[in-house]
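K.L.:
We have chain A already, so just place chain B on it with the hints.
Listed below are the residues making up each chain.
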Amino acid sequence: MQTIGQFLTDLNPAFLLLGFAAIMIVFFFLFGLNKKLKAYRGQMMVITGLCLFFLLFFLMTFAFKVRKAQMIHTTAATVPRAWIFLMIPVAIMVITSILNGKSGTDEPFGRWQLTLGIALAAFVSVFLFEYIGYYLSSALLLVLMMFLLRERKVAVLVGVPVGWVLFTYFVFAKLLYITLPIGSLWTGLF
Amino acid sequence: MLEILGYLGQGFLNLIDVTSILLVMLGVAIGIVGGAIPGISPSMAVALLLPVTYSLTPVQGIILLMGIYTGANYGGAITAIAINTPGTPSSAVTSFDGYPLCQQGRTGEAMGIALWASVAGGIISTIILIFFSIPLSKLALKFWPSEYFALCFMGLTTVATLGGKQWQKALAAVLLGLLINTMGVDPIYGIRRFTFGVTALYDGIPMVPVLIGLFALGEVFSNLEKFNGEGEKGKAVDYKWPPFSMHWKLKWSYIRASVIGCVIGIFPGAGGTIASFISYDVEKRLSKHPEEFGHGALAGVSAGEAADNGSIGGAMVPLLSLGIPGSATAAVLIGALQIHDITPGPELFTKQPDLVYTLFASMFFANAMMAFIGVIGTKGFARLTNSLPKRILYPMIVAFSILGSYAVERSVVHVILCLAFGLLGWLMKKYKYPASPVVLGVVLGKLMENNFSRALMVSGWSSFYTRPFTIILFIISIAAIVMPMISDHRKKKAGTLSADAEEDVD
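First to last, the sequence lines map onto chains A and B. Under my numbering, the letters of the first sequence match residues 1 to 190, in that order. Under my numbering, the letters of the second sequence match residues 1 to 506, in that order.
Hints are computed from structural coordinates only; laboratory data are not their basis. Hints may be right or wrong, so weigh each one.
[Stated by the list, open to error] Label pairs and their in silico Cβ distance ranges:
| id | chain 1 | residue 1 | chain 2 | residue 2 | range |
| --- | --- | --- | --- | --- | --- |
| 1 | B | Gln103 | A | Lys36 | 29 to 35 angstroms |
| 2 | A | Lys38 | B | Gln103 | 28 to 34 angstroms |
| 3 | B | Gly9 | A | Glu130 | 56 to 62 angstroms |
| 4 | B | Pro51 | A | Phe147 | 51 to 57 angstroms |
| 5 | B | Leu5 | A | Ile88 | 26 to 32 angstroms |
| 6 | B | Glu291 | A | Leu99 | 24 to 30 angstroms |
| 7 | A | Ala22 | B | Ser459 | 44 to 50 angstroms |
| 8 | A | Gly49 | B | Lys142 | 40 to 46 angstroms |
| 9 | B | Tyr202 | A | Leu99 | 29 to 35 angstroms |
| 10 | B | Phe132 | A | Lys153 | 54 to 60 angstroms |
| 11 | A | Lys65 | B | Ser487 | 26 to 32 angstroms |
| 12 | B | Lys142 | A | Tyr169 | 49 to 55 angstroms |
| 13 | A | Leu56 | B | Ser287 | 39 to 45 angstroms |
[To be verified] Derived DSBU-like pairs (lysine-lysine); straight-line CA-CA distance at most 30 angstroms:
| id | chain 1 | residue 1 | chain 2 | residue 2 |
| --- | --- | --- | --- | --- |
| 14 | B | Lys446 | A | Lys65 |
| 15 | A | Lys36 | B | Lys492 |
| 16 | B | Lys379 | A | Lys174 |
| 17 | B | Lys493 | A | Lys102 |
| 18 | A | Lys102 | B | Lys446 |
| 19 | B | Lys390 | A | Lys102 |
| 20 | A | Lys102 | B | Lys288 |
| 21 | A | Lys36 | B | Lys249 |
| 22 | B | Lys379 | A | Lys36 |
| 23 | A | Lys38 | B | Lys493 |
| 24 | A | Lys35 | B | Lys432 |
| 25 | B | Lys379 | A | Lys153 |
| 26 | A | Lys38 | B | Lys432 |
| 27 | A | Lys153 | B | Lys226 |
| 28 | A | Lys35 | B | Lys249 |
| 29 | B | Lys226 | A | Lys102 |
| 30 | B | Lys390 | A | Lys35 |
| 31 | A | Lys36 | B | Lys165 |
| 32 | B | Lys429 | B | Lys379 |
| 33 | B | Lys288 | B | Lys446 |
| 34 | A | Lys38 | B | Lys165 |
| 35 | B | Lys249 | B | Lys379 |
| 36 | A | Lys36 | B | Lys226 |
| 37 | B | Lys226 | A | Lys38 |
| 38 | A | Lys102 | B | Lys165 |
| 39 | A | Lys35 | B | Lys226 |
| 40 | B | Lys491 | A | Lys102 |
Note that CB positions come from ideal geometry on N, CA and C, so glycine has one too.
Next comes chain A alone, as it looks inside the complex:
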């Protein structure tokens, strides 16, 4: 167990995410095989994801290099494990209530592509902070989001990001001294 825990602790978080996603995809198809389960697939996926998350943390607790202190009765793993063990009966209760139909069936998906697209754009804009800076990155994100939400007035598409950049610059950077990333592009140029 300690070896597994140490392996997971040392593993790059990106690989952990990929592994997590792969397992979730498998479950997605598994839940689709059964007619009854298919109606609750979303709810089952959430609780399965939580259980996987808890299992990962449980395995990682074995890598905590600490001996039990005799006077304190606890280790660094005590409290996390307490929450993890409590999750076992809770997960059973959740699954039972879902399968009993107490929570109702899943709500069908709407324009999930739009939601995921905007979330992805937001992630990308955060990664761009380092290169093009917060101001340009947030302005571009605002333009993109408004465009995706069918805003077509040029004055709005230009005015809102400019107003936002001025607001963040004067309120956050100048007034509150919260420095926002400038970006290597601008620091290199000037």
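P.N.:
Coordinates of chain B only, in the frame set by chain A:
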């Protein structure tokens, strides 16, 4: 008693000059704006204005900072109600019912109740502070880690209220909150836990990105899924302030929540967030219409806000009488006092009563100013958010969420966490997993773990079953869980019996 009133009168007289009045107004206005911006906590707002007090007299400096503290605690409610983005962690509870009220077009009522509940909380807790600060501070000193742990456990029982019919899912959500709170360096051993090699996670998962992600982004992502570009302007909103009769109906809610906020605020570390959760739970349990909570109950808004602002007076009790800060903002206030060579503690009341009672008077005054500024300002903000087309409003909320989560620690990792929690919030909302228990878990997790370990260090397991106050708190907690179960069982039984009786009649 007469002596106290005399000193208080003198305190009010000290405030009657143009500079002091302007300073209170300025402080409250800055506080409200700061509190409304996600990522700027009351403690941050007070700390940012701390250098300004160098050039002021001690009294002027303190009243300015008290104005900010008071205003910021209320300011968080404005965005919580208007756009489901709690400006401060303690205003998360306000969004549970405030935002549904806004969606129903009852923004004016929600804003009005939040404002006057905050004012009531501030005034009632100041009265408690003035008359009971010494005995209450003695009570706070008697609290051992085991009592703190039991208090947190009591806070956890509110999950039953937050979950409603989906209580199993609420339990899973609270456990998620508690588990993610164990991330970071272990408080006792200094061992890194679940940090995945990311330095920014050594301090654990911060509250603000979780809050903004789950509530603000979760809501926006959920709305985007249903967005069709048609009819995307806000619903017609009623900007009418609630009539006096509505406040009168909620009078006991105001008083209860204020007292709960003040009492919980006394205990260092507990603060307005736990107070507002517990107060919300109490109100729902006492309500004749508990089913309305979470769907736009006015008592839900008043409970959260009165407790939140009530916690200010509570936090000032240990600060003034013992020199111990009751909250992060109170810690900054101690720094402000020390800058002016004022050492808070028991001697402050005897050596500088003038200053202490001027401070008390300024707390009353700040609340009055908050009512004045709130009446003018919040309507404007509500109008602005409602008049903005959704295709502009949603991108603005996303941009604010990113900025707010970055501003706290200036960390990109926190922004990524915020976005991740946004996606989680969306899925949880979609699949009927309540998100508020996650926040409850995050709020209570660290405090629970610290005090659990401390209690064991002080006197082992026995501290949990030998200290009377700990036992009382545990009994209250267990009763809070078991009583509704028994009541439900009885109702079901009665329902079955009456159904049987009806069948017999048929």
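K.L.:
Would the hint linking B/Lys249 and B/Lys379 be met if the CA-CA limit is 30 angstroms?
P.N.:
With Cα atoms ~23 angstroms apart, B/Lys249 and B/Lys379 stay inside 30 angstroms; holds.
K.L.:
Given the proposed pairing of A/Lys35 with B/Lys226, does the C-alpha separation stay at or below 30 angstroms?
P.N.:
Judged against 30 angstroms, a Cα distance of about 26 angstroms means the pair holds.
K.L.:
Given the hinted pair B/Lys379 and A/Lys174, is their Cα-Cα distance within 30 angstroms?
P.N.:
Between B/Lys379 and A/Lys174 the Cα gap is close to 28 angstroms, so the pair holds against 30 angstroms.
K.L.:
Need the status of pair A/Lys35, B/Lys249: alpha-carbon distance at most 30 angstroms?
P.N.:
With Cα atoms ~51 angstroms apart, A/Lys35 and B/Lys249 exceed 30 angstroms; violated.
K.L.:
Verify the proposed pairing of B/Lys491 with A/Lys102, using a straight-line Cα cut of 30 angstroms.
P.N.:
Holds, at about 19 angstroms.
K.L.:
Is the straight-line distance between the alpha-carbon of B/Lys226 and that of A/Lys102 30 angstroms or less?
P.N.:
Holds - the C-alpha atoms of A/Lys102 and B/Lys226 are around 25 angstroms apart, at most 30 angstroms.
K.L.:
For the pair supplied as a hint, A/Lys36 and B/Lys226, confirm whether the alpha-carbon distance does not exceed 30 angstroms.
P.N.:
Distance of about 26 angstroms is within 30 angstroms: holds.
K.L.:
Does 40 to 46 angstroms hold as the CB distance between A/Gly49 and B/Lys142, or does it fail?
P.N.:
At roughly 44 angstroms between Cβ atoms, B/Lys142 and A/Gly49 fall inside 40 to 46 angstroms, so the hint holds.
K.L.:
Please verify whether B/Lys226 and A/Lys38 have alpha carbons no more than 30 angstroms apart.
P.N.:
Answer holds: B/Lys226 to A/Lys38 is near 22 angstroms, not above 30 angstroms.
K.L.:
Look at the Cβ atoms of B/Lys142 and A/Tyr169 and judge whether their distance stays inside 49 to 55 angstroms.
P.N.:
For A/Tyr169 against B/Lys142, whose Cβ atoms are near 51 angstroms apart, the range 49 to 55 angstroms holds.
K.L.:
Is the straight-line distance between the alpha-carbon of A/Lys36 and that of B/Lys492 30 angstroms or less?
P.N.:
Holds, at about 28 angstroms.
K.L.:
Okay, A/Lys65 versus B/Ser487 on CB: inside 26 to 32 angstroms?
P.N.:
violated, 49 angstroms
The structure shown violates the earlier hints numbered 4, 5, 9, 11, 18, 19, 21, 22, 23, 28, 30, 33.
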